[in-house]
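Build out the structure end to end from the sequences listed, making use of the hints.
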Amino acid sequence: MSHNGSKPTEKPKFAMYWASSCGGCEIAVLNIGPKILDVDAAFDVVFWPVAMDAKYKDVEAMDDGSILLTLFNGGIRNDENERLANLLRRKSQILVAFGSCAIEGCIPGLANFSSQDQIFDAVYASVSTDNAGGIRPKTHTTVPEGILHIPEFYPVLKTLDQVVDVDYYMPGCPPESHQIATVIDLVLAVLEGKAELPPKGAVIGAGDSTCCDECPRQRNVKKITKFVRIHEMDAIDPDLCLLEQGILCNGMATRSGCGALCPQHNAPCIGCYGPAEGVVDYGARIMSALASVIDSRDPDEIERILDGIPDPAGSFYRFNLAHSLLRTGKVG
Amino acid sequence: MNPSQDEKERIGVYVCHCGSNIAGVVDVEDVAVWAGDKLADEGVVVSRDYKFMCSSLGQEMIEQDIAEQGLTRVVVAACSPHLHEKTFRGACARAGLNPYLSELVSIREQVSWVHTDKQKATAKAKAMIAGGVERVIEQEALEPLKVPIHPATLVVGGGIAGIQAALEIAESGSLVYLVEREPSIGGHMAQFDKTFPTLDCAACILTPKMVDAGSHPNIELYTWSEVERVDGSVGNFTVTIKKKPRYVNEELCTGCGICVEKCTRNVIDGEFEAGLGYRKAIYTPFPQAVPKYPVLDTENCTYFEKGKCKACQLLCPTGAIDFEQTEQYITVTVGNIILATGFDLFDARRVPQYGYGRLKNVFTSLEFERLSNAAGPTNGEIVLRDGVTKPESVGIIHCVGSRDRNYNNYCSVICCMQSLKFAHLVKERTGATVYNFYIDMRTAYKDYDEFYQHVMEEGTIFVRGRVAEVTDAARRSGEEDKLIIQVEDTLAGRQRRIPVDMVVLSAGLEPRRDAKQVAHTFGISCSANGWFIEKHPKLDPIATMTEGVYIAGCVQGPKDIPSSVAQGAAAAARVISRINKGEIELEPIRATVDAHKCSGCRICNDLCPFNAIVWHEDEMVTEINHALCQGCGTCVAACPAGAISGTGFSNEQVMSQIEGLLMFEQPVDLLAMAV
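Residue numbers (the working numbering), protein chains in the order written: chain D, -15 to 316; chain Z, 3 to 677.
Please keep in mind that the hints were generated in silico from the structure rather than gathered at the bench. A few of these clues could be false.
What the hints assert, rightly or not - Where chain Z lies over chain D, by a calculated footprint (3+ residues, C-beta under 8 Å):
| # | stretch |
| --- | --- |
| 1 | 185 to 194 |
| 2 | 203 to 212 |
| 3 | 236 to 245 |
| 4 | 254 to 263 |
As the list claims (entries may be wrong) - Pulled from the structure, derived: some chain D residues nowhere near chain Z, Cβ distances all over 12 Å:
| # | residue |
| --- | --- |
| 5 | 37 |
| 6 | 67 |
| 7 | 148 |
| 8 | 169 |
| 9 | 178 |
| 10 | 292 |
As the structure is a prediction and not an experimental result, all values here were calculated from the model. Don't be surprised by glycine CBs; every beta carbon is placed ideally from N, CA and C.
Here you go:
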């Protein structure tokens, strides 16, 4: 961009923002260790609310496209999130949907199964809340000093690319630190002219197969006769595919890149790296896959086997409901 | 024209009236005008309606538009792709457009035939056409897969259907491998005495065909053999045949029968004689058996039991007895396969209230066939189990195991005529009083009903009602030492107890007990009942969904001899035309694994109904054999990684079709219509 070209000695600008998220993505970035110093050396960090003080108006004052790289984590839950998404899109040359929330909604996206009233009831009117007056948040409140604003809560959580154009997607809940380091190395190499950026819309910092590819467990032809939960098992065979032991493991449907950490530690994959390349609806995919290998033709037995899955929506749409074909869930 | 319009596909939409089939419920003129107007932005440049799109005039309309309007995509809204997809693809191909750049939208089966409200049906037709237009934009030009056809054919099953098929093909000049698991070909028909309705001697009409099949230079006969394994696909199947040991060297044996004669062991013949007669431990199942070589039954052979005897070996004039013989595996290559593996008889023991196996003078239909057969254990004398007493009264029960939700819901087709034949034979040979107990008389087909009338005239008594019970517990005088048939006579409207000397159970036909396993071996499907599924129940009853595998005779469902013969010949005709053509064009609709995306999770490995999925353990990836794949999509849907794609059913194609369906706000709730 021309306004950047005029100051060739200036370091490229970096921003990171959290919208509706837990903060784990920020920790993951800090967790890359000494490499964070490379980031500091190569970039001018202009906006990163969790790490440094900055005001929205400072960002607004920047030239459009003046930030080279913005890592945006968190989903779009309210109008503040959406305003920042639009603002950072405008100011950034490269906008990365960073982490599961920004890409596919993640845990906050599961709220899309509930209406706004149901969510507010849970927060402001359940036994855990002392709210005798039945106070509910309002976007505008008049006080003697003037009018106070709080962000407007949207009926559904949206993903970043449902509100703005996104250049790259970096999956994970959170993205693994070694993958973040790899991406940073790539960006640095691009800056030095030693590498090229991947095509727009690409998934970066992840593999292009599924978790099974990185899992050392022995795999056989699948025939499922039961689903069990880990605590119901006396012992887990450390070498055999978890799904073949009846443990609902989402590894076969989940994008590779994490190194199959969970299955290697006797915990099933829960799908935080999202769907594999080209998959439109992760939950539908995995349900279709499991249904295909349930080893019974007797409707009652099939029913009994399926009853072994305690929470289908939570198991298959835990990370991706907001970006699924069912993305609006049950609204109103 | 601006560049963006230049890049757009030029789509023709054709809405068929199908006489009044579609036009009676869907406002086809309105649909065509609407598509030309509302879908113009999607690239629709021509939109027409026509009385019969499948007619030559309708097809020419498409061809002309492709030529004159430069169409690059064609959408026909008419009937199901099963019927006319090929027709319209052909029209496109003739006009130089790749045939796979067309789409058939079913507004007959999925709209006009299932809805009555014209306004709603018209709206649904529009939505479906919009879906078809969006989808056709994403279609790709494809080329059919060409596969050469090996000229040899495998026929499995040497009953009448298999024999007929083998002879037809052999006569046309091509090689046939005929595999039969029993010691002789002939099948069930060889056990019958007479055939209905002409009362031909079954053996007299069957054995010449058996001899022809056994001696034909183009037929290689493998009896006492089974197909162990089938690899490959249409045009080039590799078949492994297991030849069970006969313990008789076929090269040396002359079929003189001295070994059978000299064998010291008598064995109850539970197969051919239905348990009513004896055979030896070394035996041919019946005198006219083809081939003539006997088989040694090791379970009953004194030598195999005790290590002594060897009478057969010692007395064989050609030294053909070989106790050391073992299983042999033979591998053959064939282009096509015909399955004619027949049926099993329903086991009458499963209906305990009819007493078979408990009441000695209750016979099965197969036992009766042997009793009445002049070559059978009684030389054709119809007698009670004691072997001497002629019955004075006989009750024949129809539908045993058929048309009964406890056993088989279907009609076994042949039992009515078989029971009438039995009634006639009893009358003719014993003069006994005969009762036939039936639910409905089913005497369709040539000369069948005349035969029924003839049997009625002979004096057989017909009682309409399902028999409740056959018992030997006498309650009234005249019932002592008799079998009493308890039945509701539904025409007389009362319960009856009819004492008889003999009861014949006309057992139904069932799929072979190993039908599912055989279907799996050959990569075809069974219905819930177990009969093999034909490609189309009316228009293609002898093909299967697996290219190159055909079915004939009772394996497809119960049928009589003429129908079995006709199917054998029909399957053969199909194979002969394939052989003559030399190669076959296959639909290029195939599933493909992207090896890069495949993580080797093995979800898909056991799903393919056509055995097209191959697992590579060394590379930990799955592959699909395109010659075997039929494009059914099972694995595509199952792949959790989205690593398997199906030609013609890509994400883009399916999603754009859905987008099209939902593109316009419809005045009616289409989902509500679907309920």
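Evaluated hints:
1. For a cut-off of 8 Å, the count of residues in the stretch 185 to 194 of chain D with a CB near a CB of chain Z stands at 3, and the three-residue condition holds.
2. As drawn, the stretch 203 to 212 of chain D meets chain Z at 5 residues by the rule of a beta-carbon pair under 8 Å; at three or more, the given contact holds.
3. Given as covered by chain Z, the stretch 236 to 245 of chain D passes the check, having 3 residues with a CB less than 8 Å from a CB of that chain where 3 are the minimum.
4. Taking a C-beta to C-beta cut-off of 8 Å, the stretch 254 to 263 of chain D contributes 5 residues in contact with chain Z, enough for the three needed, and the coverage statement holds.
5. For residue 37 of chain D, the non-interface assignment is confirmed: its Cβ lies about 44 Å from the closest Cβ of chain Z, beyond the 12 Å cut-off.
6. Listed as a non-interface residue, residue 67 of chain D keeps its Cβ farther than 12 Å from every Cβ of chain Z; the least gap is roughly 30 Å.
7. Residue-level check passed: residue 148 of chain D sits 22 Å from the nearest beta carbon of chain Z, beyond 12 Å.
8. Its beta-carbon lying about 23 Å from the closest one in chain Z, residue 169 of chain D satisfies the requirement of being farther than 12 Å from that chain.
9. Residue 178 of chain D, annotated as away from the interface, keeps every beta carbon of chain Z farther than 12 Å; the closest lies near 25 Å.
10. The claim that residue 292 of chain D is not at the interface with chain Z holds, since no C-beta of that chain comes within 12 Å of its own (minimum 18 Å).
The structure agrees with every numbered hint stated previously.
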